[in-house]
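**Student:** Starting from the given sequences, assemble the full structure and let the hints guide the process.
Count the sequence shown with the UniProt record's numbering and you get residues 1 to 346, in order.
Errors might be hidden in some of the hints.
[Claimed, not checked] Pairwise CB distance ranges, derived in the manner of DEER restraints: (1) Glu69 with Ala249: 22 to 30 Å; (2) Asp152 with Glu220: 18 to 26 Å; (3) Asp256 with Lys308: 26 to 34 Å; (4) Lys317 with Asn150: 38 to 46 Å; (5) Lys308 with Thr201: 34 to 42 Å; (6) Glu148 with Asp311: 40 to 48 Å; (7) Asp94 with Ala134: 26 to 34 Å; (8) Leu204 with Gly298: 19 to 27 Å; (9) Lys200 with Asp152: 15 to 23 Å; (10) Lys308 with Glu153: 39 to 47 Å; (11) Lys129 with Gly296: 40 to 48 Å; (12) Asp218 with Ala57: 46 to 54 Å; (13) Gly232 with Thr98: 44 to 52 Å.
Hints are computed from structural coordinates only; laboratory data are not their basis. The beta carbon of each residue, even a glycine, is placed where N, CA and C say it ideally should be.
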Amino acid sequence: MIPGGVASTRSHGTYRHLRAPTCHLCNSAPTASHSSRDYMTDKQAYSRLASPERTQAEPQNPLTLRFTEAEWKALRKLRPLLPEIRRIAYDGSDTPKTFSIWGVTIDPMDPAADARASVVLVKFLRARKLDVGATKTLLIDLLRWRQEVNIDELVKRTFPPFKMCIVAFGKDKAGRPVIYSQVDSGSGRYLRKELEEDSKTVILRAARNWENSVRKLDYESVDRMTRVIDVGPVLPENGSKSQPQTNAAYKRVVKDYYPDFLGSVVAINAPSGLVTSTRISSFFGTPKDGAIQWVGKGQGTIAKKLLKIIDADQLPKQYGGEADGFSWPELGSPSTQVDAAAEKRV
Numbered sequence: 001m002i003p004g005g006v007a008s009t010r011s012h013g014t015y016r017h018l019r020a021p022t023c024h025l026c027n028s029a030p031t032a033s034h035s036s037r038d039y040m041t042d043k044q045a046y047s048r049l050a051s052p053e054r055t056q057a058e059p060q061n062p063l064t065l066r067f068t069e070a071e072w073k074a075l076r077k078l079r080p081l082l083p084e085i086r087r088i089a090y091d092g093s094d095t096p097k098t099f100s101i102w103g104v105t106i107d108p109m110d111p112a113a114d115a116r117a118s119v120v121l122v123k124f125l126r127a128r129k130l131d132v133g134a135t136k137t138l139l140i141d142l143l144r145w146r147q148e149v150n151i152d153e154l155v156k157r158t159f160p161p162f163k164m165c166i167v168a169f170g171k172d173k174a175g176r177p178v179i180y181s182q183v184d185s186g187s188g189r190y191l192r193k194e195l196e197e198d199s200k201t202v203i204l205r206a207a208r209n210w211e212n213s214v215r216k217l218d219y220e221s222v223d224r225m226t227r228v229i230d231v232g233p234v235l236p237e238n239g240s241k242s243q244p245q246t247n248a249a250y251k252r253v254v255k256d257y258y259p260d261f262l263g264s265v266v267a268i269n270a271p272s273g274l275v276t277s278t279r280i281s282s283f284f285g286t287p288k289d290g291a292i293q294w295v296g297k298g299q300g301t302i303a304k305k306l307l308k309i310i311d312a313d314q315l316p317k318q319y320g321g322e323a324d325g326f327s328w329p330e331l332g333s334p335s336t337q338v339d340a341a342a343e344k345r346v
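**Tutor:** Structure, rendered in structure tokens:
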């Protein structure tokens, strides 16, 4: 048994897809031979199907097996609310039977059928400290926002590039993809200017980059990424007051709509004053524990730290590893800079 009283098994559960009203005796549509007391609402039907004896066959994966007792308890309270969340978020006659978040399909009437759906839902619960009511509100807002930006089309769009390189290369010791980022000295000033002049474009570009990244995770054994941020090119602009003042909408997208995705964040070639701390958080969000690991300059210093989380055959040679094939796209002007480099694997 795992926390929450749910048995560990790979088999699928036995939940049925129900519509309201449904006869609880024969599971048929209304007829003259049935009385009104024979019918259940969606919520009543779900409650019956979500009984402890039914959940014994709930499928698990390596990530759900790590849920705490409190997380299982909150998840079981959240699941019966999904039909209502769907109804409110998709306010119209074309309400879908299922919805997708980060490439994972969630069936509100049978959310336990896919362990990956549980992983996704728990991320939002963690983002609201397991407050089920607050998570319900967040999910409604999220689903409405994904409709507004047409997320499946957004991931295909191109935007004016930002002065930053992003390269996916190899995996860490936990099997998580490693994302290397390099920001140049004008990035803070340029981001502030963009947010002032065209904040919508900045927000949509950030959402596109996050969405493309998280859709590559399997939510079976990997649901987070490791970030290595080379802050060497970042120099103080007008002293220590150089952090971009990202607006509330930008922060909401990064922290609320893509929560709990950073397993580790390591900033290398860091200046001794660590004046870039707020700037790094604004660009990339923060890991779950809020800690960014700062590493000074020098290949030996950098390698000592990175080799603790990344095997040598996965770490680029320029950072003290053994892996060939890593290179940065040229950091150039905003009009020519590549802001999302091709993915590389070793």
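**Student:** Quick check on a hinted range of 39 to 47 Å for lysine 308 and glutamate 153, using CB atoms only.
**Tutor:** holds (41 Å)
**Student:** For the range 19 to 27 Å, tell me whether the beta carbons of leucine 204 and glycine 298 fit it or not.
**Tutor:** This hint is violated: roughly 38 Å between Cβ atoms.
**Student:** Taking the beta carbons of lysine 317 and asparagine 150, is their distance inside 38 to 46 Å?
**Tutor:** Since lysine 317 and asparagine 150 have Cβ atoms about 41 Å apart, the given range 38 to 46 Å holds.
**Student:** Is 15 to 23 Å right for how far apart the beta carbons of lysine 200 and aspartate 152 are?
**Tutor:** Once the Cβ atoms are compared, 19 Å apart, the range 15 to 23 Å for aspartate 152 and lysine 200 holds.
**Student:** Holds or violated: 26 to 34 Å for the Cβ distance of aspartate 256 and lysine 308?
**Tutor:** holds (31 Å)
**Student:** Could you say whether the range 22 to 30 Å given as a hint is met by the Cβ separation of glutamate 69 and alanine 249?
**Tutor:** violated (36 Å)
**Student:** At the C-beta level, are glutamate 148 and aspartate 311 separated by a distance inside 40 to 48 Å?
**Tutor:** Holds: the Cβ-Cβ distance is about 42 Å, inside 40 to 48 Å.
**Student:** Please test the hint of 46 to 54 Å on the beta carbon pair from aspartate 218 and alanine 57.
**Tutor:** The hint (46 to 54 Å, Cβ to Cβ) is violated, given that aspartate 218 and alanine 57 are roughly 22 Å apart.
**Student:** Could you say whether the range 40 to 48 Å given as a hint is met by the Cβ separation of lysine 129 and glycine 296?
**Tutor:** Given a distance of about 34 Å, which is not inside 40 to 48 Å, the answer is violated.
**Student:** Using the Cβ atoms, figure out if glycine 232 sits within 44 to 52 Å of threonine 98.
**Tutor:** holds (46 Å)
**Student:** If you check the beta carbons of aspartate 152 and glutamate 220, does the distance land in 18 to 26 Å?
**Tutor:** Check passed, 22 Å falls within 18 to 26 Å.
**Student:** Do the Cβ positions of lysine 308 and threonine 201 conform to the proposed distance bound of 34 to 42 Å?
**Tutor:** About 38 Å separates the Cβ atoms of lysine 308 and threonine 201, which means 34 to 42 Å holds.
The structure fails hints 1, 8, 11 and 12 (numbered hints given earlier, in ascending order).
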